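Modelling step: build the complete structure from the supplied sequences, incorporating the hints.
Number of protein chains: 2
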Amino acid sequence: MKSVINTIYEAKLAELKEKVTTLGTPVRLTIVTVGDDPASKVYVRNKIRLFDELGLECNHLTLDEAGTTQTDLDTLADNADHPILFQLPLPNGLVAPDLPAAIDVDGFGSETLGQLVLGQNAILPCTVQATIDIISAHCGEFNFAGLKVAVVGRSNIVGKPLAIELINRQSTVSSFNSRSDLAAVSWAQFDVIVVATGSHGILDNSQFIEGQLIIDVGINRVDGKLVGDIKHHDGILSPAAITPVPGGVGRLTCLHVLGNAIKLVESSTK
Amino acid sequence: MKSVINTIYEAKLAELKEKVTTLGTPVRLTIVTVGDDPASKVYVRNKIRLFDELGLECNHLTLDEAGTTQTDLDTLADNADHPILFQLPLPNGLVAPDLPAAIDVDGFGSETLGQLVLGQNAILPCTVQATIDIISAHCGEFNFAGLKVAVVGRSNIVGKPLAIELINRQSTVSSFNSRSDLAAVSWAQFDVIVVATGSHGILDNSQFIEGQLIIDVGINRVDGKLVGDIKHHDGILSPAAITPVPGGVGRLTCLHVLGNAIKLVESSTK
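Protein chains in written order, with the working numbering: chain A, 76 to 345; chain B, 76 to 345.
Hints are computed from structural coordinates only; laboratory data are not their basis. As the structure is a computational prediction, the values presented were derived from the model and not from experiment.
The list treats identical chains as interchangeable, and a pair is accepted whether it falls inside one copy or across any two copies.
Below, simulated SDA-like cross-link-like pairs (lysine to any residue); rule was C-alpha separation at most 20 Å, straight line: (1) 92 x 123; (2) 223 x 262; (3) 116 x 163; (4) 223 x 259; (5) 223 x 261; (6) 94 x 344; (7) 338 x 193; (8) 223 x 260.
Okay, here's the thing in structure tokens:
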């Protein structure tokens, strides 16, 4: 799977570079972080590096955990005139402002999600877009209709919007969550299984069969090591294609922050 | 099932009457129809009758099919200061304006649907709310988590928002559509099957088993008779509980136009 991810990454990066060149309007992004979550630091650094690589402006606003209020975040959102994102998780019960679609580069806001339900929008949450890319590359861009896809996890930023996008594409979608009886599910019935629960070991690599595509969205730290949601048993190789963690979905997700920022600029200049 | 529907109807009606009495603010609704679709006439008459029964104001605006433009509809929406709905279907390629949540009594607009995805909103599309009521009555109000529900059909007004609401309630949801291989599905695995395709005979009553709840949302006219999406074979009674058409979901749906209008008034006066 690693080479498939690399191929997608390179193709997508080339496409984005080409777009930036022909766009004519500058692409800018503001990233807001509060406090110093170690995982957030890595994610933000990757985003900034990518914008730098393309010669684009990415402002990183770092706010102290102690003094920052919800009003501070809301004011930043109200005054933003270009794509902005509030890096999750936020400390102290702070919540990311519900951004208008025009600047919502993460695709987490209610306006973007409402357009998604109606099948109207160009912007998908970055992890959802990365997952769709991997399915496209593996199963064929035009083969979503009738594809049997399991989505394990129902978060607002991955599981739920992914299920909606797949329904839009006429896939047959089964949505599972922490209250589902996962042990009783016959996983062999699915063409694609996407696991996005943030819980390592919720499924394991012995449960899948040849021909299946398994997309592991989870990123968990276990004994100091980064691992996905799927447990890989020592010495047992799965006959299914399973995306790696790290270097799988996460690698592509970062690209889509840029991809979404470009889309927002494109639609604002139409 | 008929008596279950009646019980839900009477309980809901009593609850709404009580709410109207204690609300203190008048509940008003404007219904816009264009042309003279015969089914729409029946639906609109039922809504007006219900508002009349409770002494509430329901304005029915009937527009000619010939002279009405999209701009006319958009202007009506822009000027509305209380709950309004555009009765579907609309002729001549006209589309219902994308209403702001504050007046979106049908719950079809992108703002309402975005709030739905985030699990924030009080308003559900009326048919979705009616379906949830029937599941509550049959399976228990607090038993949605882990419930295995199939949703057949993926329309923007029933299938998709219903799937989202069920995911919000932690059900295990499988969404099927016209590109799904329905003949290969083992329907016995589901606790509840909701059929909302608008295609009579897409499933039939011999496919279900005892203990299942089958909700038939479809309303089709076949040989001059109103029938659901589920074909009932002559002389074969299904062991499953199947909602009737007419007199099932549709009977409750009408109540929720009123219920949603009340909710909108409640939230505007908060």
